[in-house]
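Chemist: Residue numbers (the working numbering), protein chains in the order written: chain A, 1 to 313; chain B, 1 to 464.
Hints in this document: simulated from the structure, not taken from any laboratory.
As the structure is a prediction and not an experimental result, all values here were calculated from the model.
Check before you lean on any hint, since a few could be wrong.
[To be verified] The calculated SDA-like cross-link candidates involving lysine to any residue, where the alpha carbons are at most 25 Å apart (straight line), are:
1. B:Lys-254 to A:Ala-3
2. B:Lys-29 to B:Gly-410
3. A:Lys-125 to A:Glu-46
4. B:Lys-29 to A:Gly-112
5. B:Lys-254 to A:Leu-153
These are the residues of each chain, in order.
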Amino acid sequence: MLARTAESLFWLARYMERADYVARLLQVAGHMSAVRVDSDRRSEWESAIIASGGSLPYFAKHATVDEATVIDFLAFDRDNPSSIANCIDTARRNARTVRTALTTSMWDAVQGAWQELPRFRDAPKNADLLNDFLEWVRVRVDLFHGVCSNSMLRRDSFYFLRTGQFLERADNVARLLDVKYHVRLPQVSDVGGVIDYYQWLAILRVVGARRAYRVLYKGRVEPAQVAELLITRSVFPRSLAFCYQQITHHLDAIEDQDPVRVAEAKRCAHSLYADLRYASVDRIIDTGLHEFLTDVIERTEALGTQIAVGHLF
Amino acid sequence: MGWPDDVRTPYALIDAWLRDTPPDQLALKRREAEVLFRRIGITFAVYTEGGDAERLIPFDLIPRVLAQAEWRNLRRGLEQRARALNAFMHDVYHDREIIRAGRVPERLVLHNSQFRPEMCGLDLPGQMYAHICGIDMVRTGPNDYYVLEDNCRTPSGVSYMLENREVMLRLFPDLFRRNTVAPVAHYPDELLATLRSLAPPNCPGEPTIVLLTPGIHNSAYYEHAFLADEMGIDLVEGADLVVSKDVCYQRTTKGLERVDVIYRRVDDDYLDPLVFRPDSMLGVPGLHFANRAGNLTITNAVGTGIADDKAVYIHVPEMVRFYLGEEPLLKNVPTHDCSKPDELAYVLDRLDELVVKAVHGSGGYGMLVGPHASRDELAAFRQQLVQRPHDYIAQPTLSLSTVPTFVDDGIAPRHVDLRPFVLCGADQVRVVPGGLTRVALKEGSLVVNSSQGGGTKDTWILED
Numbered sequence: 001m002l003a004r005t006a007e008s009l010f011w012l013a014r015y016m017e018r019a020d021y022v023a024r025l026l027q028v029a030g031h032m033s034a035v036r037v038d039s040d041r042r043s044e045w046e047s048a049i050i051a052s053g054g055s056l057p058y059f060a061k062h063a064t065v066d067e068a069t070v071i072d073f074l075a076f077d078r079d080n081p082s083s084i085a086n087c088i089d090t091a092r093r094n095a096r097t098v099r100t101a102l103t104t105s106m107w108d109a110v111q112g113a114w115q116e117l118p119r120f121r122d123a124p125k126n127a128d129l130l131n132d133f134l135e136w137v138r139v140r141v142d143l144f145h146g147v148c149s150n151s152m153l154r155r156d157s158f159y160f161l162r163t164g165q166f167l168e169r170a171d172n173v174a175r176l177l178d179v180k181y182h183v184r185l186p187q188v189s190d191v192g193g194v195i196d197y198y199q200w201l202a203i204l205r206v207v208g209a210r211r212a213y214r215v216l217y218k219g220r221v222e223p224a225q226v227a228e229l230l231i232t233r234s235v236f237p238r239s240l241a242f243c244y245q246q247i248t249h250h251l252d253a254i255e256d257q258d259p260v261r262v263a264e265a266k267r268c269a270h271s272l273y274a275d276l277r278y279a280s281v282d283r284i285i286d287t288g289l290h291e292f293l294t295d296v297i298e299r300t301e302a303l304g305t306q307i308a309v310g311h312l313f
Numbered sequence: 001m002g003w004p005d006d007v008r009t010p011y012a013l014i015d016a017w018l019r020d021t022p023p024d025q026l027a028l029k030r031r032e033a034e035v036l037f038r039r040i041g042i043t044f045a046v047y048t049e050g051g052d053a054e055r056l057i058p059f060d061l062i063p064r065v066l067a068q069a070e071w072r073n074l075r076r077g078l079e080q081r082a083r084a085l086n087a088f089m090h091d092v093y094h095d096r097e098i099i100r101a102g103r104v105p106e107r108l109v110l111h112n113s114q115f116r117p118e119m120c121g122l123d124l125p126g127q128m129y130a131h132i133c134g135i136d137m138v139r140t141g142p143n144d145y146y147v148l149e150d151n152c153r154t155p156s157g158v159s160y161m162l163e164n165r166e167v168m169l170r171l172f173p174d175l176f177r178r179n180t181v182a183p184v185a186h187y188p189d190e191l192l193a194t195l196r197s198l199a200p201p202n203c204p205g206e207p208t209i210v211l212l213t214p215g216i217h218n219s220a221y222y223e224h225a226f227l228a229d230e231m232g233i234d235l236v237e238g239a240d241l242v243v244s245k246d247v248c249y250q251r252t253t254k255g256l257e258r259v260d261v262i263y264r265r266v267d268d269d270y271l272d273p274l275v276f277r278p279d280s281m282l283g284v285p286g287l288h289f290a291n292r293a294g295n296l297t298i299t300n301a302v303g304t305g306i307a308d309d310k311a312v313y314i315h316v317p318e319m320v321r322f323y324l325g326e327e328p329l330l331k332n333v334p335t336h337d338c339s340k341p342d343e344l345a346y347v348l349d350r351l352d353e354l355v356v357k358a359v360h361g362s363g364g365y366g367m368l369v370g371p372h373a374s375r376d377e378l379a380a381f382r383q384q385l386v387q388r389p390h391d392y393i394a395q396p397t398l399s400l401s402t403v404p405t406f407v408d409d410g411i412a413p414r415h416v417d418l419r420p421f422v423l424c425g426a427d428q429v430r431v432v433p434g435g436l437t438r439v440a441l442k443e444g445s446l447v448v449n450s451s452q453g454g455g456t457k458d459t460w461i462l463e464d
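Construct the complete structure from the given sequences, taking the supplied hints into account.
Modeler: Okay, here's the thing in structure tokens:
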């Protein structure tokens, strides 16, 4: 397939996945600031910005953090490349440039989202609308990934799309875990000590893992177990191990490559997958969760570059 | 209401249908049609509004109908005209017999901005140049068709012909059960067969065919994607292609892959920065040399603009006689060549009765519709005509036929034209029964261009 097509499919999936993640962040930040009457509400919104990776553009534009500004920034701001509205716009632009590689239902899913977007973006903002919007985003993204599963031929275009989706998800999950660690637990020794129950609960909420946690761990939310669930448990579809299982699988499925050129991308993916799959959470926490996550984020970024190099993007 | 009681025979069924269908149901269908078009994303970009604004071309529910006999005549005329135009292009870039015979003035060809000396002496597969022609016609009376324009460069609109039919089939399946409408959906197959027949002399086997688009900001991008999709070929941009040692390749995830035939929707000027505009980012350096080396076919060929100039148009009937030895089946609109002093004088005398068009203009720009023009517009055009008579031609305003059209206050007659698409392969000429009908939505307006607010209709050729 055309290298440009592969690249656009890869980014189409990444931007759809990112829209979903930012919507989840906002939903949880809103929820947390509402239930925690005793807390400093500002921090919920601030960590949402950090977890979205948008600190730089945000603080370049705004001096202070408050609910309305953060919501607008993460949901609709055109100056924030990762705002949900921009993610959907960018995804649709990628979809348009590779329209011939999409199935009709994939196009419908992206085009439909893009067409309905102004209904939310241009409406007067209030809490109900925001809730509707965030719910809508998640349903739309699920629809998109669902129609990909149900309508695409299992060929390179599908594998590039899925690789993009799970690379983005891995990056998001690693950042999410890291930002909570960073914001709330400045010292390694604090882990398991003075932890904020609600903060760890919030992480579970963002990745939709509360039920999964209960099924797997039964009891009260413990940070080490949250970390384990999100790092090594490949039965959970938003864990890093699951993401990397998918990445290696789909990367290997891409047909008939020059083995030398793609070797580096495969090496990056498989070695990180092995590290995640056989990781011991206790050891990670002993040696530093933040250090571990930083390594995952950097290697994920390097993998993205190597995929582009290996497949001539 | 809105059309004479003596309904033309092909319209009898449409007439009955419209009388039977309650107006509110039609209004509902009209809204449904709009939703469908938006969802499919059939839009065209409007450059003047800044950014990449996408707008829908209004769609009219009431089909335009032609009887089989009417179409048969048209079709023969179209094939004839396309053959003559292609023969003319081959001649112009080779021996120029028509010029030596004094039938077409030399100045018109050799001093034409669309003439590409780079194409001289190059032999093309089947001696075909304009592989996809969109010939615009109007009807002025029973079996009276006039050709308005021969679009030989990169005519667009065929996706509307196909999507209009799709939408009609979805909205009014009953209507098709009651009528025998010739299908058009096989157009992409015919186009692919045409492109395949044009494989270059050095093609190593089954040709690899791609569609070259300027990209998503082009007004016809939807159509490019649609056609590539329907044919199952790659839609490429300039940056996806590379020419090495006079062979064209596309950049794939596996490396370079040879390309043999390009259906290009990029204009000549932007096609190859080594030969044409050096600042073009849309084209591919070296494409022209791959073409000349016999390693690549470019469709439509470079330099076809020489045949669809409005001043060259005047001579098309002569081309039919000269190359084919036949009488032309389709008529030209009587056209005054303003570069001739006596004709210019005539035109200036009757400016308020005539339509004046810029020779190189398109999209309804740079034209004057005399009977509808203000005093100031007339004066301004008069001045331009005197200053640059070579740039203009003039035609009488035809009494165009109208067809019933669904407008805001009901059903009313509106002017239409018709653009059938003629495919000229190295093996045969193919015409799919139908075409794009454009309709002037403004009352009394003669301008059907989409950039001027025109709409489209489904076009039905009834089978016997």
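Chemist: Could you tell me which of the numbered hints above are not met by this structure, giving the numbers in increasing order?
Modeler: none
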